[in-house]
Amino acid sequence: MNFIRIIPSLLLSNKKLVKGKKFTNHINAGYPSSTCLALEGQKCDEIFLIDLDSYKNDKDPDFDTLNEISKNISTPITFGGGIKNIEQVKKAFKLGADKIYLSQILFRNKKIISKIKDIYGCQSIVAGINIITNDQKLYLLEDEKKNIDILDHIKSLIGCGVGEIKVTFVNNEGSENGMNIELAKKIISNTDLPIIFEGGLGNIEQIIDMIKIGANSFAIGSMITFKDYNIFKIKQHLFNKGYKVRF
Amino acid sequence: MKVGILDYKACNLGSVFSALYQLGIDPIILNNPKKLSEIDRLIIPGVGAAKSCMDYLKFNSFIEPIKKFLVNKPILGICLGMQIFAKKLYENGISEGIGHIDGEVKKLDTKIKFNIGWKEVKFIKKIDKKLNIEDMSSFYYCHSYYISLKKIDYCAGMSYIDNNNEIPAIIYKDNFIGTQFHPEKSQTNGNKLLEFFFNWKKN
Numbered sequence: 001m002n003f004i005r006i007i008p009s010l011l012l013s014n015k016k017l018v019k020g021k022k023f024t025n026h027i028n029a030g031y032p033s034s035t036c037l038a039l040e041g042q043k044c045d046e047i048f049l050i051d052l053d054s055y056k057n058d059k060d061p062d063f064d065t066l067n068e069i070s071k072n073i074s075t076p077i078t079f080g081g082g083i084k085n086i087e088q089v090k091k092a093f094k095l096g097a098d099k100i101y102l103s104q105i106l107f108r109n110k111k112i113i114s115k116i117k118d119i120y121g122c123q124s125i126v127a128g129i130n131i132i133t134n135d136q137k138l139y140l141l142e143d144e145k146k147n148i149d150i151l152d153h154i155k156s157l158i159g160c161g162v163g164e165i166k167v168t169f170v171n172n173e174g175s176e177n178g179m180n181i182e183l184a185k186k187i188i189s190n191t192d193l194p195i196i197f198e199g200g201l202g203n204i205e206q207i208i209d210m211i212k213i214g215a216n217s218f219a220i221g222s223m224i225t226f227k228d229y230n231i232f233k234i235k236q237h238l239f240n241k242g243y244k245v246r247f
Numbered sequence: 248m249k250v251g252i253l254d255y256k257a258c259n260l261g262s263v264f265s266a267l268y269q270l271g272i273d274p275i276i277l278n279n280p281k282k283l284s285e286i287d288r289l290i291i292p293g294v295g296a297a298k299s300c301m302d303y304l305k306f307n308s309f310i311e312p313i314k315k316f317l318v319n320k321p322i323l324g325i326c327l328g329m330q331i332f333a334k335k336l337y338e339n340g341i342s343e344g345i346g347h348i349d350g351e352v353k354k355l356d357t358k359i360k361f362n363i364g365w366k367e368v369k370f371i372k373k374i375d376k377k378l379n380i381e382d383m384s385s386f387y388y389c390h391s392y393y394i395s396l397k398k399i400d401y402c403a404g405m406s407y408i409d410n411n412n413e414i415p416a417i418i419y420k421d422n423f424i425g426t427q428f429h430p431e432k433s434q435t436n437g438n439k440l441l442e443f444f445f446n447w448k449k450n
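As they're listed, the protein sequences go chains A and B.
In this text, residue positions in the first sequence follow this note's numbering: the first is 1, and each later residue adds one.
In this text, residue positions in the second sequence follow this note's numbering: the first is 248, and each later residue adds one.
A couple of the hints might just be wrong.
Unchecked claim - Pairs of lysine-lysine residues, derived as PhoX-like cross-links and limited to a Cα-Cα distance of at most 25 Å, are as follows:
hint, chain 1, residue 1, chain 2, residue 2
1, B, K354, A, K155
2, B, K256, A, K71
3, A, K84, B, K256
4, B, K398, B, K373
Simulated from the structure, these hints should not be mistaken for lab results.
All chains, full assembly: derive it from the sequences and hints.
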């Protein structure tokens, strides 16, 4: 049996960590480097570090903060946020990234995947899918006008050469009301890549509901930023319920 | 002690550098085979694709100097850095490896095509009595190709992919240690392995 992966999802803005709801209303959530050191102490399995500013502006993602964090921990870091070209990818790996997270760029330039794949391998690319549900129809955050077939979308990303997928339920994000179980089930049973789920987790029972349908990797934001949970505590509770976690 | 990190223009160079630095090492980043004479130990990182890595090593005349280095001094190969010591690799076409280990590098043919996350290592052989890592300790993996060995003799530890499939996790032969997992990203257990490597074969 595989370990359940618990991955803090950290958002960067102006060199600070922030956290919001449904991708808006971001408020300060601490100092990046010391937060990551603490999370490693709590035995987080990986760290997701996404720079928000470089989505909005046309500037480079915050490589300095990535490097500062990397110098202090030995936990795998997936870095992303507004990555637009292969030069930025190279810089990220040089300064402490272990995997690259791509989301918006995949709508404009899927060719970047094959460039990264040839140099760093497919396993180094995590594709982000930000799903919005509306009236039983599915949309992507990046294109709210066109409803999509999620399985086709995933298939095309796999065809391009990504190694891992992060699915974010935008409607549930920051709500702490749990994830979209039906949709998760459909995705898991039709995909043979590792999938990380994000958006909506607020308590242990909601994580267990997802594990029961076959999910095993979770990106967690609100639950550790604004609530009285920490990674160790989450893992301990899962362990008590008989699930396999790493300490 | 001088530890070199081979930069083959891919790699998670920053992570390997940081991991060593945290352990009190000031690593030297190597782009030139001539510099190999200046170091006592070499680390070849992972996070790369087989073909572009082997092409780089050949084009920059690294192959023979690496083989020569290995006669007297220890090398640690991580993930792809380990796989390139096999005879043949099948990622993005066929590449000839350094050939120190009798084996081939193939795509995982398990249900899940990528092995990403933490797995336990089942030790089947003791590399050295100084290696103090408990059996079934966990390490971080991120790969979709694995080394298939001709002889199990060189394998010190195995790891599972799923209930039916195991792969070599640690291999060693002469002055070479290779890990399929990433010690630089495996927190306390990874640090133990790196420290062991720094002291390995030291009188």
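Outcome of the hint check:
This hinted pair checks out: B/K354 and A/K155 have alpha carbons roughly 19 Å apart, not beyond 25 Å. Proposed proximity of B/K256 and A/K71 is supported: the alpha carbons are some 20 Å apart, at most 25 Å. A distance of roughly 19 Å separates the Cα atoms of A/K84 and B/K256; the hinted pair therefore holds under the 25 Å criterion. Proposed proximity of B/K398 and B/K373 is supported: the alpha carbons are some 16 Å apart, at most 25 Å.
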